[in-house]
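Build the full structure now, drawing on both the sequences and the hints.
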Amino acid sequence: MLRAACHASGAHYGDSATVGAGLPVLSSVRALVAGGDHIHSIKGVLSGSLAWLFHRYDGSGAFSDCVREAIAAGYTEPDPRIDLSGEDVRRKLLILARAAGWQLEAAQVHVESLVPAVVAKLPLAELDAHLRALDAVVGARWQQARAAGRCLRFVGRVDAHGASVGLRELAPDHPLAGGAGTDNRVAISSDRYRAQPLLIQGPGAGAEVTAAALLDDVLRIVAG
Numbered sequence: 002m003l004r005a006a007c008h009a010s011g012a013h014y015g016d017s018a019t020v021g022a023g024l025p026v027l028s029s030v031r032a033l034v035a036g037g038d039h040i041h042s043i044k045g046v047l048s049g050s051l052a053w054l055f056h057r058y059d060g061s062g063a064f065s066d067c068v069r070e071a072i073a074a075g076y077t078e079p080d081p082r083i084d085l086s087g088e089d090v091r092r093k094l095l096i097l098a099r100a101a102g103w104q105l106e107a108a109q110v111h112v113e114s115l116v117p118a119v120v121a122k123l124p125l126a127e128l129d130a131h132l133r134a135l136d137a138v139v140g141a142r143w144q145q146a147r148a149a150g151r152c153l154r155f156v157g158r159v160d161a162h163g164a165s166v167g168l169r170e171l172a173p174d175h176p177l178a179g180g181a182g183t184d185n186r187v188a189i190s191s192d193r194y195r196a197q198p199l200l201i202q203g204p205g206a207g208a209e210v211t212a213a214a215l216l217d218d219v220l221r222i223v224a225g
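Mapping of the sequence shown onto the working numbering: position 111 corresponds to residue 112, and the numbering continues sequentially without gaps.
If you are wondering where the hints come from, they were derived from the structure by calculation, not from laboratory data.
Glycine included, each C-beta is placed from N, C-alpha and C at the ideal position.
Be careful, since some hints might not be right.
EDC-like mimics (lysine to aspartate or glutamate), calculated; alpha carbons at most 20 Å apart, straight line [said to hold, decoys possible]: (1) Lys122 <-> Asp136; (2) Lys122 <-> Asp80; (3) Lys122 <-> Asp174.
Simulated restraints on C-beta separations [as the list claims (entries may be wrong)]: (4) His162 <-> Ala35: 45 to 53 Å; (5) Gly182 <-> Lys122: 29 to 37 Å; (6) Gln145 <-> Ala12: 48 to 56 Å; (7) Ser10 <-> Arg31: 18 to 26 Å.
In structure tokens form, the structure reads like this:
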């Protein structure tokens with residue numbers, strides 16, 4: 002709808018920073034489609050804040066303390082529940098799905114939220130006092146993953162049949178398991194990248210990389 006409106010009015014817009022901050026995620030998906038490739042699936046660690054949290058958390062302290070660190074560092078949304086609930090990743094999956102040519106609506110994305118229902122209803126001013134409600138569930142999941150020799154990553158996945166968002170246990174050598182800090186990792190499987198997915202990785206949060214992506218969009222629009 003937005004693209005159609007721009008085409009009809011002659012307006013221009015850029016959206017490269019909406020997924021992956023400064024990473025060439027959307028441009029890669031669109032280039033594959035424009036070149037005649039058929040995308041099978043897109044999987045990724047798409048939230049820089051959640052990537053940082055699950056690289057940071059090692060089971061020795063409280064997960065809620067890590068959340069407070071992420072807030073202080075500016076990695077999360079002003080209301081961190083947008084990140085922790087999976088809503089931010091759901092929005093990014095919708096953008097990726099439509100770029101790939103799939104008609105996906107928000108209600109069709111299965112989301113596993115990390116936020117207990119009682120915490121989700123709290124006013125933002127009361128959130129900090131109740132962050133510890135996250136500790137037991139995340140701690141148990143982390144211990145379960147560690148016992149299996151795996152790591153936890155918050156993963157979004159979309160294909161022509163549906164989409165899901167949530168915590169996943171991954172083997173250490175899984176394409177989405179690596180990285181550090183706020184790194185996003187996105188694996189695109191297609192006709193061309195069938196045996197081994199196209200992997201895009203790099204910082205997925207931060208003012209500088211996001212601002213650079215916005216500037217790139219502006220310069221491309223100005224250049225015509």
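We went through each hint and held it up to the structure:
no., hint, verdict
1, Lys122 <-> Asp136, "holds, 18 Å"
2, Lys122 <-> Asp80, "holds, 12 Å"
3, Lys122 <-> Asp174, "violated, 38 Å"
4, His162 <-> Ala35: 45 to 53 Å, "violated, 23 Å"
5, Gly182 <-> Lys122: 29 to 37 Å, "holds, 32 Å"
6, Gln145 <-> Ala12: 48 to 56 Å, "holds, 50 Å"
7, Ser10 <-> Arg31: 18 to 26 Å, "holds, 21 Å"
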